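**Q** Sequence order for the protein chains is E and H. Quick note: the first sequence uses our numbering, first residue 921, plus one each step. Quick note: the second sequence uses our numbering, first residue 197, plus one each step.
No lab work stands behind these hints, which were simulated from the structure alone. Incorrect hints may have been included.
As the list claims (entries may be wrong) - Computed spacing ranges between beta-carbons, pair by pair:
hint, chain 1, residue 1, chain 2, residue 2, range
1, H, N307, E, V962, 22 to 32 Å
2, H, N313, E, G1091, 23 to 33 Å
3, E, R1043, H, N313, 48 to 58 Å
4, E, P1048, H, N307, 25 to 35 Å
5, H, Q465, E, G1091, 25 to 35 Å
6, E, I970, H, N307, 18 to 28 Å
7, E, T957, H, E236, 50 to 60 Å
8, H, W363, E, L1037, 42 to 52 Å
9, H, Q465, E, H967, 34 to 44 Å
10, E, L1068, H, K346, 40 to 50 Å
Claimed, not checked - Calculated cross-link-like contacts (lysine-lysine; reagent style DSBU-like; alpha-carbon spacing at most 35 Å):
hint, chain 1, residue 1, chain 2, residue 2
11, E, K1044, E, K980
12, E, K980, H, K380
13, H, K223, E, K922
14, E, K1051, E, K927
15, E, K922, E, K1051
16, E, K1044, E, K922
17, E, K1120, E, K922
18, H, K223, H, K262
19, E, K1051, H, K223
20, E, K1030, E, K1120
21, E, K1051, E, K1120
22, E, K980, E, K1051
23, E, K1044, E, K1030
24, H, K262, E, K1120
25, E, K1030, E, K1051
26, H, K346, H, K380
27, H, K380, E, K927
28, H, K223, E, K927
Unchecked claim - Footprint (simulated), chain H over chain E, 3 or more residues, beta carbon under 8 Å:
hint, region
29, 972–980
30, 1005–1017
31, 1021–1035
32, 1038–1051
33, 1054–1068
Note that the coordinates shown come from a computational prediction; the quantities given were computed from them, not determined experimentally. Here a beta-carbon is modelled for each residue, glycine too, at the ideal position from N, C-alpha and C.
Here is how the chains run, residue by residue.
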Amino acid sequence: MKKLVRKHPLAIRWFHWINFPLLALMVWSGLLIYWATPVYRVGIGSHTLIRMNLSQPSWKTLHVNNRLAEGMALHFFFMWFFAINGIAYVTYTIASGQWRELVPNRHSFKEAWYVFLHDLHLRKEAPPPRKFNGAQQIAYTLIILAGLGSLLTGLAIYKPVQFSWLVSLFGGYQMARFFHFWLTVGYVVFFLIHVAQVIKTGWNNFRAMIIGYEVRAEGGERA
Amino acid sequence: MSDEPVVPEQPPIEIEVAIDPAAEAEKQRLIEEANDAEVERTVRRMSRRGFLTAAVAAGAGYGAWKWLRTRDQLGYLQWPLRRVLELNESLAEAYFRTARLSPTFPPSRINRPARLNGALGLDPRFDPSTWLLRIEGTPEPVTLTLDDIKALPRREQITELRCIEGWSIIVKWTGTRFADLMAKFPPTERVKYVAMETPDRGYYVGLDMQSAMHPQTLLAYALNDEPLSMAHGAPLRLAIPVKYGIKNIKRIGLIRYTNVRPIDFWAEQGYDWYAGH
């Protein structure tokens, strides 16, 4: 017998979907800024695997060249909306008790490993039918900590004299910029995995992020 | 989270006669069918509402973005962006304390040679031997030679010069505090801004008074223990670690105290006028 189960509260759905375009705008305007000094790379010692840079024609093709001033203006415009939405989300999860389902507990790490093996088809047992399994709890908590990291490293780069204590906490101005950049790469990676998982999990799960409810079979399993 | 089904449970059916298993199973099947159909109807209704709301919200968001991108420009930026930069500026000004210093470094951390960037306002025909610094906005017009500047208290500092492009270098500046110059040649009235420009007026910056008065704001005549080279802004330039590099104007020809917000070369190109740290 099917039943409708309440899954995501209205507030969390709004925070989630508002965050999506805001984060996209922050990443894009950040790219307009990064264009001016695209110095980072993946490598060991002097051996470089990936240069985090594009050729001049590629920057031009993507229309992300010579737009530093615009990028900064957009970044310092949307940062308020991004920060306020993030703070509102965290405040809500704390006040509503939703954090209990989101923050990892002592079982989450073992469970996350099983989920990982299941996703790789190395383990048959499906993750428990709870709202968030261990892997999700870890991912969704890390992404919030990353957001906090972006706000703090961003503030350190934005006002490095007024917040010089923050700059020294990150190991200097260039280190703060370094962390700010790699956190952004982290969002892009998170986004790709997140979307892949949502597609894999299916429509019922995705729809729950829009309407708030999921259809389940009586036993509690996903229908 | 509530685990209750949205569809209320069917009321229990009173059974009086002997149970016929086949009829019971059929009855159960019908109940389940009715329930599942009701669940499907409910979820369809919720989806219509939810996805319609989502579409309206997405449309509103897209509309807001289009609106933002089509606003009239103010200093090469759509005015809402410029206004928010100004709002950020007033917050930064309120939070600003001259007691907060830009971190200083030991001589071993100095980057040599100091990276060179930008030749705006540096007319190659310039003759440093004829150079004079003019100050406007004082009771009497002031004209100073480099020796006059060097007669003011000498300061040295090793600070980071942060370019708005994202790179930064650690350099040693030698010069005199702008605050010391202003104490000696004060403005006629209390003013909010300082304007500076190159002798050829090819480059110009505007500064808020508290940033200009910061103890690390120097009128510098030496960089990394060498007299300023022509390319680094000889004979006198601004070293202002509470601002991005763009405000560290080279080859200052004129300093003007003013209550009118001064024009600024890069602010006219769409950058933040304040550009402060």
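**Q** Hint by hint, note whether the structure agrees.
**A** Status of each hint after checking the structure:
1. H:N307 to E:V962: 22 to 32 Å: Holds, since N307 of chain H and V962 of chain E (Cβ atoms, about 25 Å apart) stay within the stated range.
2. H:N313 to E:G1091: 23 to 33 Å: This hint holds: roughly 25 Å between Cβ atoms.
3. E:R1043 to H:N313: 48 to 58 Å: holds (56 Å)
4. E:P1048 to H:N307: 25 to 35 Å: For P1048 of chain E and N307 of chain H the Cβ distance comes to about 55 Å; the hint is violated.
5. H:Q465 to E:G1091: 25 to 35 Å: holds (32 Å)
6. E:I970 to H:N307: 18 to 28 Å: The hinted range 18 to 28 Å holds for I970 of chain E and N307 of chain H, with Cβ atoms some 26 Å apart.
7. E:T957 to H:E236: 50 to 60 Å: Hint holds: Cβ distance 56 Å, inside 50 to 60 Å.
8. H:W363 to E:L1037: 42 to 52 Å: holds (44 Å)
9. H:Q465 to E:H967: 34 to 44 Å: Holds, since Q465 of chain H and H967 of chain E (Cβ atoms, about 39 Å apart) stay within the stated range.
10. E:L1068 to H:K346: 40 to 50 Å: holds (49 Å)
11. E:K1044 to E:K980: Roughly 48 Å separates the two Cα atoms, so the pair is violated.
12. E:K980 to H:K380: Violated - the C-alpha atoms of K380 of chain H and K980 of chain E are around 51 Å apart, more than 35 Å.
13. H:K223 to E:K922: With Cα atoms ~17 Å apart, K223 of chain H and K922 of chain E stay inside 35 Å; holds.
14. E:K1051 to E:K927: holds (7 Å)
15. E:K922 to E:K1051: holds (17 Å)
16. E:K1044 to E:K922: Distance of about 25 Å is within 35 Å: holds.
17. E:K1120 to E:K922: Within the cut-off at roughly 22 Å; holds.
18. H:K223 to H:K262: violated (58 Å)
19. E:K1051 to H:K223: Distance ~33 Å between K1051 of chain E and K223 of chain H Cα, so the pair holds.
20. E:K1030 to E:K1120: The given pair, whose Cα atoms are some 22 Å apart, holds under the 35 Å limit.
21. E:K1051 to E:K1120: Holds, at about 16 Å.
22. E:K980 to E:K1051: Violated, because 44 Å separates the two Cα atoms, which is more than 35 Å.
23. E:K1044 to E:K1030: Measuring from Cα to Cα gives roughly 16 Å; hence the hint holds.
24. H:K262 to E:K1120: holds (34 Å)
25. E:K1030 to E:K1051: Holds, at roughly 17 Å.
26. H:K346 to H:K380: holds (13 Å)
27. H:K380 to E:K927: violated (70 Å)
28. H:K223 to E:K927: holds (31 Å)
29. 972–980: Coverage by chain H is violated here, the residue count being 0 at a Cβ distance below 8 Å.
30. 1005–1017: violated (count 0)
31. 1021–1035: violated (count 1)
32. 1038–1051: violated (count 1)
33. 1054–1068: violated (count 0)
Figure legend: structure checked against the earlier numbered hints; hints not met, in rising order: 4, 11, 12, 18, 22, 27, 29, 30, 31, 32, 33.
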